[in-house]
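Please build the complex by placing chain R on the supplied structure of chain C, with the hints as guidance.
There are 2 protein chains.
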Amino acid sequence: MGVRASISRYLIPAIAGILACMASALAQTDPLPSWNDTAPKKAIVAFVDKVTAENTPDFVPESERIAVFDNDGTLWVEHPMYTQLTFALDRVKTLAPENPEWKDQQPFKAVLEGDMQALAAAGEKGLVDIITTTHAGMTVDEFQTIVTDWLEKARHPRFGRPYTELVYQPMLELLAYLRANGFKTFIVSGGGVEFMRPWTEEVYGVPPEQVVGSSIKTEFIMRDGIPTLHRLPEVNFIDDKAGKPVGINAAIGRRPIAAFGNSDGDLQMLQWTTLGGTSPRFGLIVHHTDAEREYAYDRQTEFGRLDEALDIAPINGWTVVDMKADWKAIFPAK
Amino acid sequence: MGVRASISRYLIPAIAGILACMASALAQTDPLPSWNDTAPKKAIVAFVDKVTAENTPDFVPESERIAVFDNDGTLWVEHPMYTQLTFALDRVKTLAPENPEWKDQQPFKAVLEGDMQALAAAGEKGLVDIITTTHAGMTVDEFQTIVTDWLEKARHPRFGRPYTELVYQPMLELLAYLRANGFKTFIVSGGGVEFMRPWTEEVYGVPPEQVVGSSIKTEFIMRDGIPTLHRLPEVNFIDDKAGKPVGINAAIGRRPIAAFGNSDGDLQMLQWTTLGGTSPRFGLIVHHTDAEREYAYDRQTEFGRLDEALDIAPINGWTVVDMKADWKAIFPAK
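Chains C and R, in that order, are what the protein sequence lines are. Under my numbering, the residues of the first sequence are numbered 1 to 334, in order. Under my numbering, the residues of the second sequence are numbered 1001 to 1334, in order.
Think of the hints as simulated: they come from the structure by calculation, not from any bench. Among the hints, erroneous ones may be present.
Unchecked claim - Cut-off 20 Å, straight-line C-alpha distance, at most; resulting in silico cross-link-like pairs (EDC-like, lysine to aspartate or glutamate):
{"#": "1", "chain 1": "R", "residue 1": "Lys-1184", "chain 2": "C", "residue 2": "Asp-224"}
{"#": "2", "chain 1": "R", "residue 1": "Lys-1241", "chain 2": "C", "residue 2": "Asp-224"}
{"#": "3", "chain 1": "C", "residue 1": "Lys-184", "chain 2": "R", "residue 2": "Glu-1064"}
{"#": "4", "chain 1": "C", "residue 1": "Lys-241", "chain 2": "R", "residue 2": "Glu-1201"}
{"#": "5", "chain 1": "R", "residue 1": "Lys-1217", "chain 2": "R", "residue 2": "Asp-1141"}
{"#": "6", "chain 1": "C", "residue 1": "Lys-184", "chain 2": "R", "residue 2": "Asp-1224"}
{"#": "7", "chain 1": "R", "residue 1": "Lys-1184", "chain 2": "C", "residue 2": "Glu-165"}
The shape of chain C in the complex, shown without the other chains:
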């Protein structure tokens, strides 16, 4: 066998094998495989490299590596409407037989008749009525079971998958990447904290004690020697817009160094995180630009409106993710 034959028969396969092996090693070490190698991924990696570089002025100790994530539209799908609103409307239908008066009483009548125009006309008060009615009147343990049962059965109207599968694969990778670099990841959502806690640990790796959200009041009662916490039909806290920094301070007690959102509801959280601090900070907005794989919306939508924050982002140096261009995948593979 000549040298040429040797090369083609032995050396080329060997080199190919080595290259394949290197490619595989590289793929394995890429912590963000669902992100294209565009500006957002580069900005994230550069920030993490910076704050974890010991003996440099930008180094941030682990205890201060707090990252906060909005949920609806940032970690999971929020169209055609917030998942928790779908849950609440389903609850109205479930509870209707026990509440026959609802068929003549707004906003419940609108829900039962599927009259979205009348529901919209009921405004914020109508919405609060629906939430407090459907989310209160049981113990916190009972509510957890109700949420878990609903999420098991409910399917998204367009994608036909459970809502907990309609989470953004690139964001799951980002959460894991930050934690692998010593960050503590928190959810800071306008959604109800007790609607999220039953599943965030399994789905996002975020334990209940790192979930901040809106809440209704609860009351402690000893009932036949058993301690119970009852959910009351009264709003306690709205963790949205200027409420987000308030919620962050109340629950976490120190300022995050990284914040991830997708709407004007996250504007103040992004400001609180990124402006006026001394250590490096990072702000990121997920811009829904992919009508084909998910949805495309920003300034004109009812759910997750992104208007002011989109204008301010470049001024404050916030990274804007173009879902269509920057993400290889949207949801985890089935």
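Chain R alone, transformed into the frame defined by chain C:
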């Protein structure tokens, strides 16, 4: 040299050395060296052994090993009065020159004149006035500096040491022991959450995000492009008595498996933690019985009254620590 001489000259010292070494090794491995080998220590160790024993029915996964600690009287001294009250009274004196009207206005007049009877007569409303006046009107960052500066200078009237040194050495060991066994340790105090957070990480190893407490309202404001959180003179939440389970649920979102308190203010937290759960639970009450080394008080005191919880403890199987009998040391050595 005969055999006998050899034994006494070489072997006995060698054996003594080995024994000393073993004793030292044993002492080093005792995670609770300031606890006497009495019932409370045995109960704590038995509980921790039980919930960490894999492949047994009592095993509790790490994520569910939540332990909650009261602060005043459980982790640090609360006599002759709550440290935060001392802080508030000092703040009244500091702010008096800017508020000349206080010298004729209760409850401030009482504070400035050291008239504790008039102060007591002002009741809970007077106390809320003092707290909201002295704890509001600044940003959260400014308040943190005020607390830190005060704690550096203030000295306990009897022990002459900084308050952050008047923490209970056996409880510091207990916190560390639980964490070494996969527990997440939280403070759940009636005291102000922002009065504790500036120092709990350094003193107790408990980071700000694991401190739950009472709070006043805050407001987010963009001021000259700088995001600020302002403290408002309005009570937000009282984390005491039946408020403790509410605070635990709001901040942690799952039920603790171990609770440590010292007063009736901890009764509902102990009930919520220990009664009605399926996994093993542990409740402990620190009973202040040592007038010589610290203080002796229970049913008759204004600060940290222990009455109902002391009666209920044996019924619910809660461990009661007799400080005098069960603790070798009270405070860390100077």
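Original post:
Which numbered hints turn out to be false for this structure?
Top reply: Failing hints, ascending: 1, 4, 6 and 7.
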